[in-house]
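Participant: Single-letter residue listing:
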Amino acid sequence: MSSPPRLDVTELQRDRYARTARMRLANRQVMTPNFFTLVKNPDEFQSFLDLTTQKQPLHATGCVVRLFDAQRVLGEHLMNMTQIRLDALSKYVEESFHTFLEKKTLIIDPGTEYLFYESCVPRWTSDKALPLPLMNHARRCQTKKKNLNPSEYSKWKEAYHTLFWNEMSKDATSRNRMIGEVFDLELHYRSAILLPPVPLVRSHRQMKISIQINEVAQGISARRNAEYANYFIIPQHTLGYDEESMDELLKYLRNPQPRITVLKFKYLDLTTPGRVSLLVAYRDFLQQLSFLKETHKDRIFIVLENGYQVFPSATVGFDITSTSMTGYDGDSQYGQGEYGAWFDPEQMVHVSFKDLKKICKNNHNRLPCAHDTCENINVATIDPDPWNRVRRVHYVRTMNDYMTMIAKAIRDKKIELAIDKLVNSDVNRLKKLIPRR
Amino acid sequence: MVTIQVPKVLPFKEVITMRPQDRQHYIEKIILDILEMNPRGVTITDIARKTSFYRDTVAKHLERLVATREAYSIMRGNAAVYYKNGQVVHATDVKDATSQDRTYTFFKLQNDDGKFIYIQEKELDEFRALTVKGGIMIDARYVMQFIKELQNFVMGVKTDE
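First to last, the sequence lines map onto chains A and B. Just so we're aligned: 106 in the working numbering is position 106 of the first sequence, and the numbers increase by one with no gaps anywhere. Converting from the second sequence to the working numbering requires adding 1000 to each position, the first position being numbered 1.
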């Protein structure tokens, strides 16, 4: 006797290399191409919750929260769910959160590359529930950073990171315990998809370790209440110049199981001129994924922290794309400047608030945007806090518009319109990512 | 000797180093996959020979799967042959109103012995892992009579109160 399938993927329409599909994951339905936003703090999550409840965007139906942010972002909502309280309007407290969990897709990203990249190291040590080996790694980095000079620390960090994952690869007991604990936490935070803790693939050896962890983690995920997905974190150097590792990855991805694959290309920004090999490597990779999906129609590919590449990625290789709620996926210091940049839907790039004010002068200080959340905004008088909320909601809605546009182009068998969109934008280099056949 | 189909199984070293709850779920999943891949049935010896699992481990898990009605066994001479419990014709999940984590799944099954209604009780534990807690199978021909008896029983209990 078999249980009803938890994951069901149906290809709906196809136009050459592009497709729309319906993914059913338990009670949730995701229409692809879809955009999942990375949520980094409780305010962003509340904005996203309000957006999905009020506007119900069809092509932006999920969010990603990093494991070390999960307690801060979701902890209070989950705690409130254990109580039955009514608010002033006699509605159950957390009703919208409860509905969100049932109908929308939440992914908890282990974010283990942040053991290597510095910006979030302190957050690994602030949540006591995180697995001990990961916390100890972060603590050790913090201590060494205080005691060593920057160049020595940098060398030590690279060596220690390599050593950490080599030891994890050899020590099956610690590794399997860590994977199990990460899965427990992801399920505690109600993740719909289980992602294993994997190293940042900086060498061929680390690609082998990633594959090993993915294979074991698939076994450990058995009979849990979420779908397991392969997970690989690729820095741009590996994508562009480590052909051996990328070939090994593609070979591994040809396995029919698991059906969901999640990839993250760290700090990939193909809009910068001069990155020819990277552009070619990413284009080839997208085409390989597109080919894989043509032969295995029930596969789903997700890309996280994809920055400006979201639009071509959603057109060619990936079913679900993701960036942060501002659209920036680099790790700059949070809160620089009061007014954050606004994403221009036509130019497909960010415009600084100073420039935006100039643009809006001829438009009675109104934003050149048709969203109802944007139309009443006066850029001359708005305060920083509401502005930063509005521009985030605007970004997610713009991504929903893009995904809807791609889906319509596929339906009308005119996917070349996606190239036209890029040609007329400020990121027209990215048109090379979309095949012309 | 009959050759049985088995899915890809992790090396023994990996299985033995999993946490006990992870190992239990993994072994159960592999055994269920084997039962599904071999509709003509398998014995404990078949599974133990083809996987790295100990005979006692296989027997213990099969016993649990039979108890929760996910599998059933038939004695053929001295050996028990295990089968996956039928082909699902229809399935519906019903949430328990008193507990968010408990679900009853109603299955309509078909196997060599006929058609059955199977009610499976599933529960999420504190780590959100789904465990089958129990189940009953009712012959589809007698299901209305069963419901009537159940109704009479419930009414009787209510009258006593």
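The set of hints was computed from the structure by calculation and includes no laboratory data. Any given hint could be a false lead.
Below, in silico cross-link-like pairs of lysine to aspartate or glutamate (EDC-like), each with a Cα-Cα straight-line distance of 16 Å or less [unchecked claim]:
id	chain 1	residue 1	chain 2	residue 2
1	A	K297	A	E11
2	A	K170	B	E1014
3	A	K40	A	E76
4	B	K1013	A	E215
5	B	K1008	A	E215
6	A	K408	A	E76
7	B	K1029	A	E227
Here the structure is a predicted model, which is why all the values come from computation and not from measurement.
Participant: All hints are to be evaluated individually against the structure, with a verdict given for each.
Facilitator: Hint-by-hint comparison with the structure:
1. K297/A / E11/A: holds (6 Å)
2. K170/A / E1014/B: Status holds; Cα separation ~11 Å.
3. K40/A / E76/A: Holds. K40/A to E76/A sits at ~15 Å (cutoff 16 Å).
4. K1013/B / E215/A: holds (13 Å)
5. K1008/B / E215/A: The hint holds at about 10 Å.
6. K408/A / E76/A: violated (39 Å)
7. K1029/B / E227/A: Answer holds: K1029/B to E227/A is near 14 Å, not above 16 Å.
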